[in-house]
Amino acid sequence: MNEVITAILNSAIEGSASVFPFPLTTQKPSLVKTSFPMNATAVLIGVTGDLRGRFLLVAEDSVFASVAESMYGMTLSGEMLNSFVGEIGNIVAGTMATKLSLRKFRVDITPPTVLSGSTTISGFKSAIQVPVDAGERGQLTLLLIFEE
Amino acid sequence: MAKVLVVDDAAFMRMTLKAMLTNGGHEVVGEAENGLVAVKKYQELLPDIVTMDITMPELDGIGAVRGIKSIDPGARIVMCSAMGQQDMVISAIQAGARDFVVKPFNEERVLASIAKVLG
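Residue numbers (the working numbering), protein chains in the order written: chain V, 3 to 150; chain A, 1180 to 1298.
Hints in this document: simulated from the structure, not taken from any laboratory. It is possible that part of the hints are untrue.
Said to hold, decoys possible - Computed from the model, here is a short list of chain A residues facing chain V with C-beta under 8 Å:
hint	residue
1	Asp1188
2	Ala1189
3	Ser1249
4	Asp1251
5	Gly1253
6	Ala1261
7	Gln1265
8	Ile1269
9	Ser1270
10	Gly1275
11	Phe1279
12	Lys1282
13	Pro1283
We put the beta carbon where it would ideally sit given N, CA and C, even for glycine.
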C-alpha cells in the first residue's frame, strides 16, 4: 500500500510541477482523517481504474486567477475563472494520470466539479494533503483521497 | 483557412482555442461542450477539422470520434487532452483521430497540428 501511495503522491507532485509555468515548493505531506474543512475554491476530480479515489486542488480565487494569467496571459473572473479552475484541475489530474501510467498504473479521470466557499469535504477514511507554495502567487493544496 | 468545430467541456478552453485558431487565420464555426453535442454539430456544420477534448460528460472524446467517423470516415479530428498516456493516445488514433496535442499547449503547437492534419 505504501508503494501505491508514494506512486500517487509523486505523480501528483510531478504533474503539478510540469503544468504550472513557475517554480513550486512542495511542503511536507500530512495525513487527513475523515474530513477536510476549507474556505476557498477547489476543483474535484474522480480517479478510476487501477487506483480509485478523488483528487482536489484547493486555492484562493486570487491564486487561480494568477495561475491563469501566467499560463494564458488572461485576467479572469466570475464564470470564466470557475471554468478555468475546472480546466486546470483536469490538466493537473490528467498529467498525474500520465505520470502514473509510467509507473504501470492505468487510471482514468472524471470531468471536474468546482466547489466554492466555506465547506467541509468528508465521507472518506484517509487522505493526504500536500501544501504547494507558489511564491508571491500564494499557496495551493493538493488533496488526495484514497478509496479502499 | 479552415472551418473548425471546437469540442471541450470547459468554456475557458473553448475560448482559448478559439482565440488561438482565429489568430492562425481559421474560422471557428461551432463549439460543443460534450461528445453528444459534438456529433450533432458535426453533422450540421460539416467543418474542415475538429479539435476534441477527451474527458467530458455525456459522451467522452473517444466516443465522439467514433460517432463522427461513422458519419464521415474522412473526418479530420485532432485530440486536445491532458490525458497523454500512451494507451489513451493509441485509443484515440485507433478511433480515427489524426493527431494528439497534450494540454497544457500553446498557440504554436495547436496551429502546427492543424496545419499538419490539413496537409
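These are the hints, each one checked on the structure:
| no. | hint | verdict |
| --- | --- | --- |
| 1 | Asp1188 | 6 Å, holds |
| 2 | Ala1189 | 4 Å, holds |
| 3 | Ser1249 | 23 Å, violated |
| 4 | Asp1251 | 26 Å, violated |
| 5 | Gly1253 | 29 Å, violated |
| 6 | Ala1261 | 3 Å, holds |
| 7 | Gln1265 | 7 Å, holds |
| 8 | Ile1269 | 12 Å, violated |
| 9 | Ser1270 | 11 Å, violated |
| 10 | Gly1275 | 20 Å, violated |
| 11 | Phe1279 | 12 Å, violated |
| 12 | Lys1282 | 5 Å, holds |
| 13 | Pro1283 | 6 Å, holds |
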